[in-house]
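Single-letter residue listing:
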Amino acid sequence: QLRLQLSGPGLVKPSETLSLTCTVSGASITSRTFFWGWVRQPPGKGLEWLGSVSYSGSTYYNPSLKSRLSTSVDASANQFSLRLTSVTAADTAVYYCAGRDGDNYDRDYWGQGTLVTVSS
Amino acid sequence: DIVVTQSPLSLAVTPGEAASISCRSSQRLLQSNGDNHLDWYVQKPGQSPQLLIYLASNRASGVPDRFTGSGSGTYFTLKISRVEAEDVGVYYCMQALQTPGFGQGTRLEIK
Numbered sequence: 001q002l003r004l005q006l007s008g009p010g011l012v013k014p015s016e017t018l019s020l021t022c023t024v025s026g027a028s029i030t031s032r033t034f035f036w037g038w039v040r041q042p043p044g045k046g047l048e049w050l051g052s053v054s055y056s057g058s059t060y061y062n063p064s065l066k067s068r069l070s071t072s073v074d075a076s077a078n079q080f081s082l083r084l085t086s087v088t089a090a091d092t093a094v095y096y097c098a099g100r101d102g103d104n105y106d107r108d109y110w111g112q113g114t115l116v117t118v119s120s
Numbered sequence: 001d002i003v004v005t006q007s008p009l010s011l012a013v014t015p016g017e018a019a020s021i022s023c024r025s026s027q028r029l030l031q032s033n034g035d036n037h038l039d040w041y042v043q044k045p046g047q048s049p050q051l052l053i054y055l056a057s058n059r060a061s062g063v064p065d066r067f068t069g070s071g072s073g074t075y076f077t078l079k080i081s082r083v084e085a086e087d088v089g090v091y092y093c094m095q096a097l098q099t100p101g102f103g104q105g106t107r108l109e110i111k
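Same order as they appear, the protein sequences are chains A and B.
Be aware that the first sequence starts at 1, since it is given in the working numbering, and climbs by one per residue.
Be aware that the second sequence starts at 1, since it is given in the working numbering, and climbs by one per residue.
Errors might be hidden in some of the hints.
To be verified - Below, simulated DSS-like cross-link-like pairs (lysine-lysine); rule was C-alpha separation at most 27 Å, straight line: (1) A:13 / A:66; (2) B:79 / B:44; (3) A:45 / B:44; (4) B:111 / A:45; (5) B:79 / B:111; (6) A:45 / A:66; (7) B:79 / A:45; (8) A:13 / A:45; (9) B:44 / B:111.
What the hints assert, rightly or not - Restraint ranges, calculated between C-beta atoms of paired labels, are given here: (10) A:8 / B:15: 18 to 28 Å; (11) A:85 / B:72: 39 to 49 Å; (12) A:106 / B:20: 18 to 28 Å; (13) A:32 / B:32: 17 to 27 Å; (14) B:85 / A:33: 15 to 25 Å; (15) B:111 / A:75: 42 to 52 Å; (16) A:15 / B:86: 37 to 47 Å; (17) A:66 / B:62: 33 to 43 Å; (18) B:72 / A:115: 33 to 43 Å; (19) B:18 / A:106: 35 to 45 Å; (20) A:25 / B:111: 40 to 50 Å; (21) A:115 / B:16: 32 to 42 Å; (22) B:32 / A:45: 17 to 27 Å.
The hints are simulated quantities; they were obtained by calculation from the structure and are not laboratory data.
Computed from a prediction, not measured in an experiment: that's the story for all the values here.
All C-beta atoms, glycine included, are put in the ideal place defined by N, C-alpha and C.
Please model the complete structure; the sequences and the hints are all you need to start from.
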């Protein structure tokens, strides 16, 4: 069973960089059919897709965040990561990591979510 | 950019009765191979979202057959034939034809 474990700081200062890591177990991060992505949810609001990365490192970003967002894969650690620069209070949200098999959409997995607060 | 719009934004249903949520896309989500790239998720209280329906009408593994997705092109519907207490949560449609995007969410409550 594929599992995703998200880790990272719960508090980030304004203008700094938010970094999160998602560790994959039960599957290889280099699986040729999987996409690994990030979604966030501001308190009391809906879901916002942020971006995704494929096994090969190809990246896809929400246009509204593209200038501040990057995602990457670390095959040696079976992890994928998110970096969001120049954060503001508007980036305060529960962040989720997720994985989906592009050849079988039924294989859709989400991590537990972590609240990241941007505050000084 | 493709925008998906859900309605209603909230609904309260008596257990055993049916519920229906619609999702309208600003562009057709139908790919040339016949797939409609529209998924449905539910986020139950305190939980991560979980997949209900993929490619508009395919029930995800373990999802009860009370849940049915339908539609094509720009208009899609999620129907719950007999609502149960465990169905409480927020339902989202998500288009995945281009840069993915979620609808606003529909909050389902039990009367």
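Structure-based check of all given hints:
1. The suggested pairing of residue 13 of chain A with residue 66 of chain A holds, with an alpha-carbon distance near 20 Å, which does not exceed 27 Å.
2. Under the criterion of a C-alpha separation no larger than 27 Å, the hint pairing residue 79 of chain B with residue 44 of chain B is consistent with the structure, at around 17 Å.
3. A threshold of 27 Å between alpha carbons decides the hint, and for residue 45 of chain A with residue 44 of chain B the separation of about 14 Å falls inside it, so the pair holds.
4. A hinted pair counts as satisfied when its Cα atoms are at most 27 Å apart, and residue 111 of chain B with residue 45 of chain A qualifies at roughly 23 Å.
5. For the suggested pair residue 79 of chain B and residue 111 of chain B, the alpha carbons sit about 17 Å apart, so the restraint of at most 27 Å is met.
6. Taken as a hint, the residue 45 of chain A and residue 66 of chain A pair is honoured in the structure, with Cα atoms around 21 Å apart against an allowance of 27 Å.
7. Taken as a hint, the residue 79 of chain B and residue 45 of chain A pair is honoured in the structure, with Cα atoms around 23 Å apart against an allowance of 27 Å.
8. Distance hint between residue 13 of chain A and residue 45 of chain A is fulfilled; the C-alpha atoms sit about 22 Å from each other, no more than 27 Å.
9. Our distance criterion of 27 Å between C-alpha atoms is met by residue 44 of chain B and residue 111 of chain B, whose separation comes to about 17 Å.
10. The hinted window of 18 to 28 Å between residue 8 of chain A and residue 15 of chain B is violated, with their beta carbons roughly 40 Å apart.
11. Distance hint check for residue 85 of chain A and residue 72 of chain B: the Cβ-Cβ separation is about 40 Å, which falls inside the suggested range of 39 to 49 Å.
12. Between residue 106 of chain A and residue 20 of chain B the Cβ separation comes to about 23 Å, which falls inside the hinted range of 18 to 28 Å.
13. For residue 32 of chain A and residue 32 of chain B, the hinted distance range of 17 to 27 Å is satisfied, since their beta carbons lie about 23 Å from each other.
14. In this structure the supplied range 15 to 25 Å is violated for residue 85 of chain B paired with residue 33 of chain A, their Cβ-Cβ distance being about 37 Å.
15. The supplied range of 42 to 52 Å is met by residue 111 of chain B and residue 75 of chain A, whose beta-carbon atoms lie about 51 Å from each other.
16. Taking 37 to 47 Å as the suggested C-beta distance range, the pair residue 15 of chain A and residue 86 of chain B conforms, at roughly 43 Å.
17. Against the hinted window of 33 to 43 Å, the Cβ-Cβ separation of residue 66 of chain A and residue 62 of chain B comes to about 35 Å, which satisfies the hint.
18. Checked against the given bound of 33 to 43 Å, the beta carbons of residue 72 of chain B and residue 115 of chain A, roughly 38 Å apart, stay inside it.
19. Between residue 18 of chain B and residue 106 of chain A the Cβ separation comes to about 25 Å, which falls outside the hinted range of 35 to 45 Å.
20. Distance hint check: the CB atoms of residue 25 of chain A and residue 111 of chain B are about 41 Å apart, consistent with the given range 40 to 50 Å.
21. Checking the proposed 32 to 42 Å range against residue 115 of chain A and residue 16 of chain B shows it holds: the Cβ atoms sit about 36 Å from each other.
22. A hinted range of 17 to 27 Å is violated for the C-beta pair residue 32 of chain B and residue 45 of chain A, which are about 35 Å apart.
The structure fails to meet hints 10, 14, 19, 22 from the earlier list, while all remaining hints are met.
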